[in-house]
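Chains W and D, in that order, are what the protein sequence lines are.
Oh and the first sequence: position 21 is 20 in numbering that gives the first Met the number 0, straight run, nothing missing.
Oh and the second sequence: position 121 is 120 in numbering that gives the first Met the number 0, straight run, nothing missing.
Check the hints yourself; a few may be wrong.
Listing some non-contacts, in silico: residues in chain D with all C-beta distances to chain W over 10 Å [as the list claims (entries may be wrong)]:
#	residue
1	Leu103
2	Val275
3	Asp312
4	Arg378
5	Ala379
One-sided excerpt, in silico: chain D residues whose CB lies under 8 Å from chain W [as the list claims (entries may be wrong)]:
#	residue
6	Arg45
7	Ala306
8	Met309
9	Leu310
10	Ala313
No lab work stands behind these hints: they were computed from the structure.
Glycine included, every Cβ here is placed at the ideal spot set by N, Cα and C.
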Amino acid sequence: MRLIAALSGGVDSSVAAARSVDAGYEVVGIHLALARSGNGPAGSRGCCTPEDARDARRVADVLGIPFYVWDLSAEFQRDVIDDFVQSYDEGLTPNPCIRCNEKIKFAAVLDRALALGFEGVVTGHYARIVEGPGGRELHRAIDQTKDQSYVLAVLDEPQLAGAHFPLGDTRKADVRAEAAGRGLRVADKPDSHDICFIPDADTEGYLRRRLGDREGQLVDAVSGETLGMHAATYALTVGQRRGLGLTVPSDDGARRYVIGREEDGMRVLVGTEQLLSVRRIEGRGPIWCGPSPKPGARVAVQIRAHGQPLRATLEVDGGTVIAHLDEPARGVAPGQTLVAYDGTRVVGSATIVGSSA
Amino acid sequence: MTQPRTYVDHAASTPMLPSAADAWQRASRHVGNPSSLHGSGRAARRIVEESRESIADDLGMRPSEVIFTAGGTEADNLAIKGLAWAAPDRPRIVCSPIEHRAVLDPVEWLGEQGRPITWLGVDAVGRVSVDDVIAHLDVDVALCTVMWANNEVGTIQPIAEIAAACADAGVPFHTDAVQALGQLPVDAGRRGITSLALSGHKIGAPVGVGVLVLDRDARVVPVLHGGGQERDVRSGTVDAASSAAMAVAVRHAVTEHQAHAERIAGLRDALAAGIVGRVPGAVLNSTAEVSLPGHVHASFPGCEGDALLMLLDASGVECSTGSACTSGVPEPSHVLLAMGVDPALARGSLRFSLGRTSTPDDVERILDVLPRAVERASRAGSPTFRTVS
Chain W
0 MRLIAALSGG VDSSVAAARS VDAGYEVVGI HLALARSGNG PAGSRGCCTP EDARDARRVA
60 DVLGIPFYVW DLSAEFQRDV IDDFVQSYDE GLTPNPCIRC NEKIKFAAVL DRALALGFEG
120 VVTGHYARIV EGPGGRELHR AIDQTKDQSY VLAVLDEPQL AGAHFPLGDT RKADVRAEAA
180 GRGLRVADKP DSHDICFIPD ADTEGYLRRR LGDREGQLVD AVSGETLGMH AATYALTVGQ
240 RRGLGLTVPS DDGARRYVIG REEDGMRVLV GTEQLLSVRR IEGRGPIWCG PSPKPGARVA
300 VQIRAHGQPL RATLEVDGGT VIAHLDEPAR GVAPGQTLVA YDGTRVVGSA TIVGSSA
Chain D
0 MTQPRTYVDH AASTPMLPSA ADAWQRASRH VGNPSSLHGS GRAARRIVEE SRESIADDLG
60 MRPSEVIFTA GGTEADNLAI KGLAWAAPDR PRIVCSPIEH RAVLDPVEWL GEQGRPITWL
120 GVDAVGRVSV DDVIAHLDVD VALCTVMWAN NEVGTIQPIA EIAAACADAG VPFHTDAVQA
180 LGQLPVDAGR RGITSLALSG HKIGAPVGVG VLVLDRDARV VPVLHGGGQE RDVRSGTVDA
240 ASSAAMAVAV RHAVTEHQAH AERIAGLRDA LAAGIVGRVP GAVLNSTAEV SLPGHVHASF
300 PGCEGDALLM LLDASGVECS TGSACTSGVP EPSHVLLAMG VDPALARGSL RFSLGRTSTP
360 DDVERILDVL PRAVERASRA GSPTFRTVS
């Protein structure tokens, strides 16, 4: 069986590829060039730097597998970066890692791999694929601090059929130890953080360079009073507290958060933490990992990559999913992805379009 | 990798000649900077100068006209920039559109610095027209540059005629002969050739050594400034061991090229005929009439060259999509585009370059695995992204 190993140059994908080689697969290493070369701030951190490409190549050397670099920068620009910027422009809070898995790693790369005679793509994601009674199931990783099932929950059945995650049953520390034992120099390479195409982690600055200044009002969610102005309201996310630049303190001195925005997006509602609380989350465009859940199914839902699972009852009506939370949640932003779990198993995902108390 | 490898990428790099490797090893055992005045220095200098004389003899030049460089790219850069900088009152550069990046990029860079560039045209096989060159040799031209033979499709240029035209017009002429030497008679002393670039690892010498043949009367401004070791136009300690290996390889190239060319042309013809016969839709971009004897360049409609390369690599066949230096730029070959090849077709191209170690078995093996690779690559669809080095 032949597999494409997506080698980022990091420790996880390296060990994942090594394990696939050990398991007897015929493995070909691929490094994805996602940032346009010579085009600004992809910089020295994040992923897909020349240094990462070199690290990936050296891993392939050590494993004795062929290695190629595939340039997917045009696809990445269109499906991940432009989508990211446009989503913020529309007042949404996107997750580019989810988009990358959905459109790049397990779409463009997987499709090409299958067409070229490979059976699938192996990555260093921390998640488990389990052959269940009803087919392939996606489960949380053993290492809960590293679990990445959330950013993979958008994969549909054919995508999951071509995915291989050899690290789901291993703790990160053990992966590092294994890399060192295998003589891979990337064993102690730091984890990547944040958004790879925003290496300085300044999302607002990045968005302002793309979308320009667009002054809008910050409005008290209760009184409707204008409290101040903000030069880039599109960059504000529900639940955000910092960077509002409000100089007038609230009457009771309570901290104020972004609560939501009005239709045109230029008036952003701010208010106290209590106003953030929601018990009902509405999602659209569900992708079920296996059979769609029965009405009233009891699940745990997660609304951000490293968020806590929240107990909920699921209501499904065609393309709409409603999660009724047992306990209120805070900071639920349109555009985020709602992922439902049954124990460790991913039930499915949907894009959040609204929430209410 | 236990399977046999069929290496048909000699235009990228060809194996070192055992005799060149021996010469390198012998010379590398001794200490000595060729510029040092003591005995060890003199011994090193002697190796360099004997190598220089040997190369000069083989190319019909004077020893002072042989300048050692660190490779073909440096030789091209020194000629292009050096000749242009030496003629500030004649700003224009006349250049063919199918040059190697080592020529194209310096020319384009000089264009960015404000130099006017005249791009010559090529016909459907990639040949420059002598009349076109003559028409553009105006009084403001600092240099004209046309490669002896193209590295991708192998097209041989009418160098004697172009050089003569440049001589008549009083325009310095540079030619990149990196691919030509060893496969064709290369008469560097021909009237009108001001400078000529050679690369070691294309003829069986090591990587990292090249030669710029530079007419004794030519004036060039250095690119590298330093000790001025090579005729005051190239600085840096001369690599005595590599110069010795280069001399052996040049000698081999000029004495063996005819027999070599006849032998690999036979393999080339078999490969070209086999590709057309066994792969439906394949289009040859190289022709026996005007191409180097070892080059077969073909396009495969509906395929992506990079997918083909990967599939062939997995089957033990090592070839190229064009120039090994093309990287990071998701564009079809500039050579094929200049020849008028459709961009989509250009992306689905492969170069097989035969060389000294190539055998009839290699040809058979390529023809065995290529049809299946093309079939699979065409199922993988039209090119949307490409492999970069």
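Violations among the numbered hints, reported as their numbers in ascending order: 3, 4, 5 and 6
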